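Trainee: Here's the letter readout for the chains.
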Amino acid sequence: MSSTLLIKNGHIIDPANGIDKKADLWIEDGKIIAVGKHSGKADQSIDAAGKIVCPGLIDMHVHLREPGQEWKEDIESGSRAAVAGGVTSMCCMPNTGPHIDHAGIARQIIERASQVGLCSVHPIGAVTKNLDGKELTEMRELARSGCVAFSDDGLPIWHAGVMRKALEYSSSFGYMVIQHAEELTLTEGGCMNEGWISTQLGVTGMPVEGEDSMIARDIMLTRRADARYHVAHISSKRGVQMVRDARAEGLKVTTEAAPHHFALTEEEMLGFNVDAKMSPPLRTEEDRLAVIEGLRDGTIEVIATDHAPHHEDDKRCGLSCAAFGIVGLETMLPVSLDLVRNGVLSLSEMIAKMTSNPARLLQLDSGTLNTGSEADVTIFDPEATWIVDRETLLSKGKNTPWHGKQMTGQVTHTIKAGRIVFENGTIHG
Amino acid sequence: MKSLKHLFGIADLEREQIEYLVNLGDSFIDINRRPLKKAPTLRGKTVINLFFENSTRTRTSFEIAGKRLSADVINISASTSATKKGESLLDTGQTLAAMQPHVLVIRHSLAGTCEFLAQYLDNTAIVNAGDGAHEHPTQILTDLLTLKQAWGSPEGKVITMVGDIAHSRVARSHLLAAKKLGYTMRIVAPRTLLPAEVERYGCEVYHDFDEALPGSDAVYMLRVQTERLTDSCAFPSIREYHEAYGLNSKRLQAAGDDCLVLHPGPMNRGVEIATDVADSVRSHILAQVEHGVAIRMAVLTALCGGQAKERKTGSRKKLPDEAMRAQGTLL
Numbered sequence: 001m002s003s004t005l006l007i008k009n010g011h012i013i014d015p016a017n018g019i020d021k022k023a024d025l026w027i028e029d030g031k032i033i034a035v036g037k038h039s040g041k042a043d044q045s046i047d048a049a050g051k052i053v054c055p056g057l058i059d060m061h062v063h064l065r066e067p068g069q070e071w072k073e074d075i076e077s078g079s080r081a082a083v084a085g086g087v088t089s090m091c092c093m094p095n096t097g098p099h100i101d102h103a104g105i106a107r108q109i110i111e112r113a114s115q116v117g118l119c120s121v122h123p124i125g126a127v128t129k130n131l132d133g134k135e136l137t138e139m140r141e142l143a144r145s146g147c148v149a150f151s152d153d154g155l156p157i158w159h160a161g162v163m164r165k166a167l168e169y170s171s172s173f174g175y176m177v178i179q180h181a182e183e184l185t186l187t188e189g190g191c192m193n194e195g196w197i198s199t200q201l202g203v204t205g206m207p208v209e210g211e212d213s214m215i216a217r218d219i220m221l222t223r224r225a226d227a228r229y230h231v232a233h234i235s236s237k238r239g240v241q242m243v244r245d246a247r248a249e250g251l252k253v254t255t256e257a258a259p260h261h262f263a264l265t266e267e268e269m270l271g272f273n274v275d276a277k278m279s280p281p282l283r284t285e286e287d288r289l290a291v292i293e294g295l296r297d298g299t300i301e302v303i304a305t306d307h308a309p310h311h312e313d314d315k316r317c318g319l320s321c322a323a324f325g326i327v328g329l330e331t332m333l334p335v336s337l338d339l340v341r342n343g344v345l346s347l348s349e350m351i352a353k354m355t356s357n358p359a360r361l362l363q364l365d366s367g368t369l370n371t372g373s374e375a376d377v378t379i380f381d382p383e384a385t386w387i388v389d390r391e392t393l394l395s396k397g398k399n400t401p402w403h404g405k406q407m408t409g410q411v412t413h414t415i416k417a418g419r420i421v422f423e424n425g426t427i428h429g
Numbered sequence: 001m002k003s004l005k006h007l008f009g010i011a012d013l014e015r016e017q018i019e020y021l022v023n024l025g026d027s028f029i030d031i032n033r034r035p036l037k038k039a040p041t042l043r044g045k046t047v048i049n050l051f052f053e054n055s056t057r058t059r060t061s062f063e064i065a066g067k068r069l070s071a072d073v074i075n076i077s078a079s080t081s082a083t084k085k086g087e088s089l090l091d092t093g094q095t096l097a098a099m100q101p102h103v104l105v106i107r108h109s110l111a112g113t114c115e116f117l118a119q120y121l122d123n124t125a126i127v128n129a130g131d132g133a134h135e136h137p138t139q140i141l142t143d144l145l146t147l148k149q150a151w152g153s154p155e156g157k158v159i160t161m162v163g164d165i166a167h168s169r170v171a172r173s174h175l176l177a178a179k180k181l182g183y184t185m186r187i188v189a190p191r192t193l194l195p196a197e198v199e200r201y202g203c204e205v206y207h208d209f210d211e212a213l214p215g216s217d218a219v220y221m222l223r224v225q226t227e228r229l230t231d232s233c234a235f236p237s238i239r240e241y242h243e244a245y246g247l248n249s250k251r252l253q254a255a256g257d258d259c260l261v262l263h264p265g266p267m268n269r270g271v272e273i274a275t276d277v278a279d280s281v282r283s284h285i286l287a288q289v290e291h292g293v294a295i296r297m298a299v300l301t302a303l304c305g306g307q308a309k310e311r312k313t314g315s316r317k318k319l320p321d322e323a324m325r326a327q328g329t330l331l
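Sequence lines, in order, name chains A and B.
Mapping of the first sequence onto this note's numbering: residues 1 to 429, in sequence order.
Mapping of the second sequence onto this note's numbering: residues 1 to 331, in sequence order.
Quick caveat, the hints were computed from the structure, so don't treat them as lab data.
Note that this is a predicted model, so its numbers are computed, not measured.
Note that the Cβ used here is the ideal one computed from N, Cα and C, for glycine as well.
A few of these clues could be false.
What the hints assert, rightly or not - Partial list, computed: chain A residues near chain B (C-beta under 8 Å):
id	residue
1	G202
2	G205
3	F272
Next up, chain A with everything else stripped away, as it sits in the complex:
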């Protein structure tokens, strides 16, 4: 027996198909069957009047901590946080324990995510075994097992020779390398951006050149290898400019920005705020504006959170020894909507950076409302306001710099493969 879900009266935005209009969306047996008119009867309907209906969001940069650090997050809690934030597909980084450096772990993660059944999880395979930067992993095997890209994220691929080989090898079968761009010899011991604020706090800074110099090196290697290179969580003005120039030259260089890097600056660190400590660090207002400009002109095609849940114990130990990273899945959409409210992006452009653009880079089937495709749909009220409360976040990680802050824009429904998995604050597991 088939079942039909009708989402009516919503404002549908489907960037891949150039749809931006008030229309109904019809879903049958987990697939999208029509946008607009359809002669049929719905078994179930959602009234989306005043709301935006778009493809389920894709977050191509999260840390799910499973296997190995389940006290920080696991695939289930991460999936719950994801759908609460309107995310129906996410890519998890390989710095788990064991690392995603062999096929068994990749398969295990995919299987576990499908058991949870809320959100698709696509692993990012490690570039090097044990993430130690020396020997390449069996990348083809990882790709066959469901990995969608490669990275040693959390750490850079520091060795230039290894990076060159990784770019050449992965590009021979069309995959990209995602780089956590950080020259460790410049950032060692640092816990925030190096500058006036780090000077005042008396803590070791991480100079922006740590990020810039590695991006510069990698772009040169990418040019020679004719490879696909993706800069993770870009945060610096010069970094954005280098990516812009590389793209103008025709290189296959792409990048993503995290909401915190276009919403916040290093000023958040004043008072030794551990919940604003991440790598790359929050930088200056000039850098923040450059990231926004990169988003506006298309240099930065993707918004991704770098969702990095940590246990309280790893944060409650003072700034210098607190773990790097903040959670982001549940705040990605409202923080990004500021870009629309401030006139930087149209709503469709913003949604593309969380749907069709990452899908294209990672060769995923999701991220559109194509007829016949799996019905991953997010419905949100762009005007609804709510207050972030770390205690009610669904992620196990409570490390957010937005605790107590008001957000505008709230996900009301998340639909995964035609099933309503999140509805007005409640998870349907």
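Following the hints, put chain B in place on chain A, whose structure we already have.
Mentor: Chain B only, in chain A's frame:
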């Protein structure tokens, strides 16, 4: 004037509060020189010195300050404490706070330790005895008392500070105090030992010691941590450091006869300071140590409710040189 709940750093103090603490410290110099060095001011109060970094002078100074005011003083050093057994900083802080001390004096190698612990400890006043490269407020108050004795007021004076500014909490606290009290900080170091954008403190920045000396009213030498210097490639050798940035009597001539010499201690003789200067009449280094006790008495008093009124100096007979030094107005 706002009353003090904690003392984290000079950054949190208003000029008025700084002057109050210095003046209160001034009034305590007297007790320390008496044959019977005891006052009942802090009777019934408990002070815990919690030192995660080695320290002789600062810890002793706080201990003596507390004891001379009749407080019960307990010293805990990290090498013998629970932290060696893996107890977290927060648990150590909370455990000690649960024993209901009035004041917790903390030294730690991590910047922001006091601010961090204060979020979790309710009824305990916290004094920063040095946190990483962040602040060292009681040292600066000590220096200001020393300068008050010498000059009356530091306003308009030029203090030339030399050494590893990048890793110095003394430097940061002085740079903040200079702005609040109207004196000029001239900092001298190779660029490897300067923190980013240091000029935004409003200080004068020099790389050549000899250029910075003329016009200096005081030269403040910072301790060089020799391992740090060479391990981090900040400087090629101690020999070259001493040559370029060490203070000796010949070099000091450029500053004029009235120029004072200060050092927060402990000194590395022959590295940042030569013995002929360290032991000269211009050196106020031991006066700094003496005033350190008085300032810590003032800080503990202020944090324990500040009952003791600022007492009049001059209630005793002054030694002639002291009377001369003290004749300036209050800061």
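Trainee: Determine for every hint whether it applies to the structure shown.
Mentor: How the hints compare with the structure:
1. G202: 3 Å, holds
2. G205: 6 Å, holds
3. F272: Cβ of F272/A sits 3 Å from chain B, so the hint holds.
Consistency with the previously given hints is maintained throughout, with no hint failing.
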